[in-house]
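Protein chains: 2
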Amino acid sequence: MTSDKLIAGLQDKANKLRIHSIRMTTKAASGHPTTCMSAADIVSALFFNTMRYDPHDPSNPNNDRFILSKGHAAPLLYAAYAEAGSIPIEKLDTLREIDSELEGHPTPRFPWGEVATGSLGQGLSIGVGVALNGKYLDELDYRVYVLLGDGESAEGSVWEAAALATHYKLDNLVGIIDVNGLGQSQRTMYNFDIESYRKRFEAFGWHAISIDGHNMSKILAALDEAKGVADKPTMIIAHTLKGKGVSFLEDKDGWHGKPLTEEDVGKAMKELGKPSSDYEFTIASPSEGTVNSATPVSGEIAPPEYQPGEEVATRGGFGTGLAKLGAVNPLVVSLDGDTKNSTYAQEFMEAYPDRFFECFIAEQNMVGTAVGLSSRGKIPFVSTFGAFMTRAFDHIRMSAISDSNIKYVGSHCGISIGQDGPSQMALEDLAMMRAIPNSVVVYPSDAVAAEKLVAEVANHQGIAYIRTSRPKTPLLYPNEEEFPIGGCKVLRSSDNDQATVVAAGITLHESLKAYDALKAEGVNISVIDVYSVKPVDEKTLLESSSKTNNTLICVEDHYYDGGLGDAVLNAVATHGVRVYKMAVKGVPRSGKPEELLEMYGINAECIVRKVKELVG
Amino acid sequence: MTSDKLIAGLQDKANKLRIHSIRMTTKAASGHPTTCMSAADIVSALFFNTMRYDPHDPSNPNNDRFILSKGHAAPLLYAAYAEAGSIPIEKLDTLREIDSELEGHPTPRFPWGEVATGSLGQGLSIGVGVALNGKYLDELDYRVYVLLGDGESAEGSVWEAAALATHYKLDNLVGIIDVNGLGQSQRTMYNFDIESYRKRFEAFGWHAISIDGHNMSKILAALDEAKGVADKPTMIIAHTLKGKGVSFLEDKDGWHGKPLTEEDVGKAMKELGKPSSDYEFTIASPSEGTVNSATPVSGEIAPPEYQPGEEVATRGGFGTGLAKLGAVNPLVVSLDGDTKNSTYAQEFMEAYPDRFFECFIAEQNMVGTAVGLSSRGKIPFVSTFGAFMTRAFDHIRMSAISDSNIKYVGSHCGISIGQDGPSQMALEDLAMMRAIPNSVVVYPSDAVAAEKLVAEVANHQGIAYIRTSRPKTPLLYPNEEEFPIGGCKVLRSSDNDQATVVAAGITLHESLKAYDALKAEGVNISVIDVYSVKPVDEKTLLESSSKTNNTLICVEDHYYDGGLGDAVLNAVATHGVRVYKMAVKGVPRSGKPEELLEMYGINAECIVRKVKELVG
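Chains A and B, in that order, give the protein sequences.
Position one of the first sequence corresponds to residue 1 (the numbering used here), numbered consecutively onward.
Position one of the second sequence corresponds to residue 1 (the numbering used here), numbered consecutively onward.
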């Protein structure tokens, strides 16, 4: 019941949030006060009337969840939680300080942060993941609220999220878009054309409501209306003013990201007035549902069961391994971008359809959705062609800042995919995933390794990447072989090896062929399978180099910079080992795999030639 | 005039295109025949009735342009050009062969390819760029036709392109979306809900028409209707059947990317029948406009004009350099993603507003648009925060396959941006851009270098990346200094240096402070500014190492893997030099720049400590 006292109380709260936002950013001499001010009424309504949550327990699985997609409004978020009693008010003074968890844009260092935002256009995808979890996995009745900016809705990923939310009938997801008409460097594309936003979200299948974003009754009515909408998500398009509440800031150019001077703070405070409501807010408690995810890890993962002589692609090993993992770990979920019949995520889908989410050809949203699922304790495996994983690099980058527990799987690596040509070839994926801080990067060379590494990365806490290949390859390892992260396999060695060849995937098989050819000519080499590209087995690499004239040759189906060769280089960088890299130089082309391996200098013959050239 | 004979002739042509598509892919044992078959009527109409082009001159600037966004329908494209007489029919037999320019997905090796496609959802952005060029730059009246698939319209970048096309009133741009309801691994999200597509494009401001994509009169009528639409682009939503024309393929699951067996080819040919029309097609000639781009490079670029003692950010140097470049080179255009007041692309915008394109917060489309502009001979500088450049990695990857001449500029690199925190910090951008084959990567340390490098990369043919910093820094170089790509600057050296410190950007300034501190303690080091990260100056690095105990210390404001340190490592990899890397380990946080440089171990004190530790 929206009594006048409630309305007045919420408006007063909103004023407090404005005051905090201004003071915090001025104290920090950094931040975005005007962007906070346009959304203050909405946030007040959400935090002090609409959302059901325990302000003293961020981890309660039943809490309604709030995602600040327009992450630069972080001060507003912190102020709301302070007013809710979740953090002390004084903490707000520490905004952006180096030892404060109240960072410039939210990160999980802030206990209520859950996820990191700040790269625009990602929050709605995260919301999709959190909502999917609530509706289909944990089967809890929490609702998910995502606050977006208008400028950020130019990001395509917002529309990917919008489409998928409709497809999955996420009626527990509510977006609010704060249309203040001002971007960073100029007015937004649509300015105050509220109807344009409403029409577009409606066309994408949402229930779309337009309101005056500073009219508290309308805000409450809209949030209430959203609760009654079944089978589709709701988007509330709120017409607002950036800098609302202070005359010299309201809808004025040039104030994005600009804190007020002390003098201006004085003037602003006069206009905002002293908050005076004595309305006693009761934050609604979350529901009492229990999480419908069974205890994880019941039993052991079924081991590989390949027959000697079988030829199986590592992407096949991944598919089998993921399904086997799914059998024992109910927290594992699978997301794929309309490539499941190629990545082999299809096997998991067939076994556990309730834990598989088709994300269609929209990789950015797929990753954002995984971030949301990870924030709710799931272990997402996200698969597509390695080449298309690059589509989501910013989302992957942000997932690291979110400290997400996501396992990325890129198939169809390298030129060895053959005739489809370069647009489909992952040739920079190792560079991309190695750059992610604390990532694990693994590159199995046979199906046994692929299966086992699925389990290994699932056991590892944090971001991991598995690189799989398209072609069928012979088995290299017995079914019982183990593949600890950070290890490698010395497949060939003797006491008089003249060089060490290091490889993984297709080029490992080429290296073994090269070994045979060289041996026939009386030249011995060591061959190492670096299935763990990051972390790489520095100890073994150094040992092998020291026994082989300090000469390492790295061969990879990847561009020259950033891949396996660089991982090896780094391992031996301070030891003066000579490292020679063989990789794909220049943009490749369509052709048969074996022809391409030859043309781009990474097949067995090329390795033989390189060894002979080096050992003289 | 759509006579019956014309209609019959075009249907017959479409049949020929189907026959070619089937035969080509079966011969190659690889490819996507059914995807070609759904679009054959549309392509027939475009190539043999609607488009005005010279089939013997791909470079005629007045040609209507066709972009195959659904790049896996490449056989259809090649077949159309063969039927138009642009290439010999026999050439079609070479599809996907290693020495054929008819690759699995179009690349510029095919003279009519212009750009590479194959990573879905990018073609409409490219079309935006080509259309912008026609309407606003070259002022020619060619029209741009983009053929999209339905599955690919799940990609957010399609909606970014749609929004920008409307914003720029691109009435010379026509999209046709081939709605056959089938994706790769399953039916698409919307299946045959044609109205959903129509409503969405209409909501995004397009003139949107739905038709039966196999009714030739309707196709012609729609294309004709598009010609009369002013001030907005047109999207034709065509209801089609994948595999149209052959009963056992039409709308059947499981045929994506599957060539027919010889036996099935026989059956298919029976159904398709023998093309029998004798209709004589005349392909309409392109207009006779002349390109309205003045002769490039009139005069020399104005030199830097800084005063001694000035402190200027390298992003400021970029802004000034770009405007000065624009003064002499009319082919240079600037695109920015609502960050122009931060990247300083704003200077160019103020001087040359007709050559500046605000792309709003939509980096993927910004890059695709640049690919289109580059294909029409412009030199696009694409700027945003380096962190947000990762949003467009797949588009950047494809721009390399397109052989585009784009200069990417990423500002706000590293932790040195300070309090905004990690979501805004570029810490993996060097890794990303180094991985791009044949890219040039430069990282100026003062405003003089930044200005000069803008001109250097403009003179370089191909993809380049300039990394700029947020903070103001002291000048290091006189206004006349030159910065050839592939060079470096030895800023400090003597005959008894004990180590070489290699850096760029903020850490170069820290290295110079470290030099002073060490010198005061009687320890001499060489200091090198590697402004050219790729290619890196191997010769000078080796010379310096050999004079300094074979000891190189690299210091960078970037994550540990893939950046400046790895560039240096690669240069000395085969020479047994010991390389020590100092970089940002782990996700950083908000804080003052100087505090962050200390916390993450890359400030002057840390460098001093490292040198002392190593020289003993």
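If you're looking for bench data, these hints aren't it; they were derived computationally from the structure.
Treat the hints with care, since some could be wrong.
Capping the alpha-carbon separation at 30 Å, the derived lysine-lysine pairs in DSS-like fashion look like this [said to hold, decoys possible]:
1. A:Lys135 with A:Lys5
2. A:Lys232 with B:Lys27
3. A:Lys472 with B:Lys27
4. B:Lys199 with A:Lys489
5. B:Lys5 with B:Lys199
Cβ-to-Cβ under 8 Å is the rule here; a few derived chain A residues that face chain B [what the hints assert, rightly or not]:
6. Phe281
7. Tyr352
8. Pro353
9. Ala387
10. Asp420
11. Pro437
12. Asn479
13. Val577
Computed from a predicted model, the values in this text were never measured in an experiment.
Positions of the beta carbon are idealized from the N, C-alpha and C atoms, including for glycine.
Violated hints, by number in ascending order, as checked against the structure: Violated hints: 1, 2, 4, 5, 6, 7, 8 and 12; rest satisfied.
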